Amino acid sequence: MEISAEKDQKGVVVCVTGRMDAVSSPAFEKAVDAWLEKGETMIVVDCCNLEYISSSGLRSILTVAKKLKTRNGKILLASLTSVVKEVFEISGFSTIIPIYDSLEGAMADL
Amino acid sequence: MEALELPAVLENLDTFVEFVRSGAVSFGLSNKRILEIELALEEALVNVFQNAYPEGNGLVEVCVGSRNEKEFVIEIIDEGVPFDPLARPDPDVTQGIEEREIGGLGIFLVKDMMDRVEYRREDAMNVLTFLVSKEQAGHDKT
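Protein sequences, first through last, are from chains A and B. Last residue of the first sequence? That's 110 in this note's numbering, and every number before it is there in order. Last residue of the second sequence? That's 142 in this note's numbering, and every number before it is there in order.
Bear in mind the hints are in silico, worked out from the structure with no lab data behind them. Fair warning: this is a prediction, and the values are worked out from it, not measured in the lab. Any given hint could turn out to be false.
As the list claims (entries may be wrong) - Below 30 Å or equal to it, Euclidean Cα-Cα: the simulated DSBU-like pairs (lysine-lysine) are:
#	chain 1	residue 1	chain 2	residue 2
1	B	111	A	85
2	B	70	A	85
3	B	134	A	85
4	B	32	A	85
Said to hold, decoys possible - Derived DEER-like restraints, expressed as beta-carbon distance ranges:
#	chain 1	residue 1	chain 2	residue 2	range
5	A	70	B	10	21 to 31 Å
6	B	82	A	70	15 to 25 Å
7	B	66	A	70	41 to 51 Å
8	B	56	A	105	43 to 53 Å
9	A	81	B	92	18 to 28 Å
10	A	108	B	56	47 to 57 Å
Note that beta-carbon positions come from the ideal geometry of N, C-alpha and C, so glycine has one too.
Could you build the full structure based on these sequences and the hints that come with them?
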């Protein structure tokens, strides 16, 4: 999985490419933690190139979401692809992590 | 059936996934269905990697094949502590962020994504079987 991030005036946009599985999820958490340490609290994850997520990925996202909540921050996910969206819906995560069809939609809510 | 047996460690996850993917492609499943199978496989394997062998060293075997050419079959076999993943209660998927527990979702996703899931304990082995029915003709291959 590749992760790139860009700081916007509203928050940080993290772009994930590939798969968030048991092997790669820790890297996602580390990347977001690095931004949290810099004082960032608004994180948008652009998932347009994320083709796969397992429960390890969900666990990482939940860990990040819980941390952000304690800092009055938020994590938003944008542009989920088919199987990823399915996993979010089955697991109930779509009701606790805000999901947007587009990056613009997510940015507008920051 | 074709089989692959390797040490039950996370480093081998990708190898097992490639192995099953190749079997699923040969069977003729859609890309979407294959991703779902990979997800179920990962959930089952990570569970074995983390819990089957408390002493540390053990093997896990993954077998793929077809049953009557109508069902794609995946078997995950380990010689670890007796464990029936289907006997666990489902996580509460209606909980909010604060209450939501980290973990517990793996087997829940497996049961949802696979057409059938079976467990048996045989000769000191845990055998977890996934069955995926061949998709209807004309099914969108994406």
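Of all the hints given earlier, name the ones this structure violates by number, lowest first. Violated hint (a single one): 6; every other hint is consistent with the structure.
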